[in-house]
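> Starting from the known structure of chain A, arrange chain B on it as the hints suggest.
In order, the protein sequence lines correspond to chains A and B. When the letters of the first sequence are read in order and numbered with our numbering, they come out as residues 1 to 383. When the letters of the second sequence are read in order and numbered with our numbering, they come out as residues 1 to 383.
Just to be clear, a hint being listed does not mean it is correct.
No copy labels: a pair is met if it fits in one copy or bridges any two.
Here are the simulated SDA-like pairs of lysine to any residue, each with C-alpha atoms no more than 20 Å apart in a straight line [what the hints assert, rightly or not]: (1) K120 to L97; (2) K120 to G33; (3) K19 to D32; (4) K263 to H376; (5) K131 to S204; (6) K19 to T364; (7) K120 to V275; (8) K263 to I372; (9) K120 to H62; (10) K263 to E377; (11) K131 to I99; (12) K263 to T364; (13) K131 to G33.
Since the hints were made in silico from the structure, they are not lab data.
2 protein chains.
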Amino acid sequence: MTVTSPQGFRAAGVAAGLKTSGNPDVALVVNDGPDDVAAAVFTTNRFPAAPVLWSRQVLAAHRLKAVVLNSGGANACTGPEGFADTHTTAEHVAAELGIGAGEVAVASTGLIGVRLPMDKLLPGVTAAVAKLSADGGTAAAQAIMTTDSVPKTTVQRGEGWTVGGIAKGAGMLAPSLATMLVVLTTDAVVPPALLQTALAQATSVSVERVDSDGCLSTNDTVIAMANGASGVTPTVEEVTAALTAAMTDLAMQLLADAEGSTKDIAITVRGAASVADALTAGRACARNNLLKTALFGNDPNWGRVLAAIGTTDAAFEADQVDVTINGVTVCRNGAIGDPREGVDLSGRAIAIDVDLRAGTEEATIWTNDLSIAYVHENSAYST
Amino acid sequence: MTVTSPQGFRAAGVAAGLKTSGNPDVALVVNDGPDDVAAAVFTTNRFPAAPVLWSRQVLAAHRLKAVVLNSGGANACTGPEGFADTHTTAEHVAAELGIGAGEVAVASTGLIGVRLPMDKLLPGVTAAVAKLSADGGTAAAQAIMTTDSVPKTTVQRGEGWTVGGIAKGAGMLAPSLATMLVVLTTDAVVPPALLQTALAQATSVSVERVDSDGCLSTNDTVIAMANGASGVTPTVEEVTAALTAAMTDLAMQLLADAEGSTKDIAITVRGAASVADALTAGRACARNNLLKTALFGNDPNWGRVLAAIGTTDAAFEADQVDVTINGVTVCRNGAIGDPREGVDLSGRAIAIDVDLRAGTEEATIWTNDLSIAYVHENSAYST
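Bound conformation, chain A alone (with noise of 0.2 Å):
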C-alpha cells in the first residue's frame, strides 16, 4: 500500500547510522519502467537545501528513475560543500544501479546546518540497492521518518492502474510544502506536462492548505513518477483526481502526526469574495497562538478567531462575520452568539466556521492546536 504498490517500481530502507538511534535513515524508490515520466514540487523557501537544488536541476527534465531519501540530517545551509555532497550521493546511486547521476533525485530531512557523514551514508546507499524489492515501500516509508510516530502512505486505485506513496513530516507543516517529503509513483501512462499539472493541482488543495505551524521548511519535495507499466492512459481528470485523493489522504496523515498535537482543526471560511481571501483569513487563524493555545485548553475562545482575521485584508464588515464552533454559533454579526459552553471540545476533531458573508466562495485550512509537547519537542529537538 506504499510506492511499490504499482508494477515496476522497487523501493527499500536501511539504518546507514544517520540517526544516533539507529532507526532506518535511508530510503531508496526505483522507477523500472517503461516510462521514466516525473514530476515535482519543491519548498518556496529563499534558502533552499542542496538536494532540493540538485533535484530541481534533475526534475527540469520531467525524467527521473530513482530518488534516494535520507532522515537524520536536511543538508540545508551548508554550503558549496553539502551541494558536492549531495551531487556525490547521486553518482553513487547512478554507479549502483547503472543509470545516469542526472536521473537520480536526492532528499534529505534533518537538523540544518549540519554535514551529512558520508562515510555512513554512501554505505548505506550500497545497502539499500541490494535491498530493493517490489514490496520494499513501507520500508522506505519508515525510513524517512524524523519525529514522525508513525509511517505515512497510501495507495489509490484506477481501473486497471494505481497510485501510491510515502511521506514524512511531522512539524513545520506550512503552506508551500510542510517538512515534507513525498514520493508517488504510479504505473499510469502520463505524459510529462500532464503529471506536472496534475501533481501541482493536487498539492494546492492538500498539502498547501495544511499550516501546522506556519513554519516553511528549507527541504520540502514532492516527486511524482509514473512508469506506465500498466498499460493503461487514464485522463487527465482521473489523474488528478487520484494524485489529490493521495496527497489528501497523506497531508491528514501528518497533519494527525504533528508534533505534540492535541487536535486536529478545521477552519473554513465561507462567505468569501474569493478563495484567496477564505485561505488569507483560515492562514491568519492558523497562524495565531493565542488562538491555538486556548483550542489546546479546550477554550471556544471565538473572540481570538475574530481578532486573527481581524488583521486580515479579507473583505468583511466587522458586524457581519459569524463564527460557528463544532456545530455552536458562538459569534453572531461579529458580537456575542449563543452561548460558548454548548460547545463541546473534548474530542481531536475541531472544526472553525467562519462565515464572512462577502461572496460565495470557501476555502478550508488545516492546521493543530499549540500544545506543551509541541514546544517541549522543539526546544529539545537537536540538543
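Just chain B, lined up with the frame of chain A:
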C-alpha cells in the same frame, strides 16, 4: 514616576469588582489643564473594540480632559450593546467631573466577547473620581494590569517639563501595538499636530517593533495628553525624543513581562536594502515558533533563523547571509560558521544579529521565546 509626575494631572485606581480576584480594575487619569491637547494611536485590527471606536471619535479633535480605563473585560466584539456601555461609561465620568462626554476617552482590556458588568463599573468610576489625587498614578498603573506581573510606569525629564506614563500589556504584543494600553502625560506646551506626529514617531520605533507573539489585539490604545502646566514649550525634536524615550522604556518593560517568557530577544537585521526589509526579516524570525521554542531550549539554532528569513521577500542572496547569536557568528555566507557550542544562551537576553549584506539599513525587532508557560497561561486564560 507615572502619569501624575507632570504637573496638573490627577489619577486613581480602584477595585470595582470586574475581576473575580478583587484586584483593582478601574483607573482614571484626569488632565486639570490649562491646555487639553491630546493625541492617540489605536490598533489596526479590523474588529476594534467598543472603547476604541469611541475614543477614536473623541480624539479626532485632539482635545481630552480624562481617560477612564478598565481591566477585567475588553468590551470587544460586543456589538451595539457594548458600544452603548462605553458611551454610558464616558457619560458617567463626564457627569462626575462636570465635563463633556466628548472630552473623555475610554480604554478596556480583558477577555473578548463578554459584556462589562455596568452595575459594578459605574460605581467603580464614582469611587475612582473620589480618589483622584496628584500621586494616584501608581494606583492607576496597578488597576490596568491583567496578566502583568508588575505595573509599568515611566518618567522622562526635560528642562522644566516632564513626560510621565503608565502601561499594561503582557501578551498579544504585536506590530501596530500590543494588547497594550498606554497613557502618557506631559506638562509641556505642545500643539495638537506636533503631539500627534511625535506620538506616531515614538510608537513606530518602540511598541510597533515589539512582536512578542505576533497577535494583534482588538483594544490597543496609546493616548498622550499635554496640558502646558509647566509653561515650557520644548522643540519638536525635544518632544519627539522624550515621547520616544518614554515609549521605549515602557515597551521594554512589556517585553520583560511577556506571558511565560524566559528570554528577551533582540533581532537586529543589518545590511538591509531598506528599513522595511530589515523589519520584514526581523518579524519573520520573531514569529517563527520553531526558532522561538529552540531559544526557549537554549539552542542556538541558526538554521531556523535562515528558514524564517527565507520565507520573506527581503533583498538578499542565500549564500551571502551571516548570523551572529550572542556574539558568535554561527552562520557565514548562508552556511556553517563558528561552532554553535560557543554560544552562551543561559541568560535572559539574547541578541540575534543578521547581516543580509544587501545594503546599509538596519532595524531591531524585539520578541520573546515560546515557552511551556506561555502555552499554559494562554490555554488557561479564560477557563
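> Taking each numbered hint in turn, which are not upheld by the structure, reported in ascending numerical order?
Violated hints (numbers, rising): 2, 3, 5, 6, 7, 9; every other hint is consistent with the structure.
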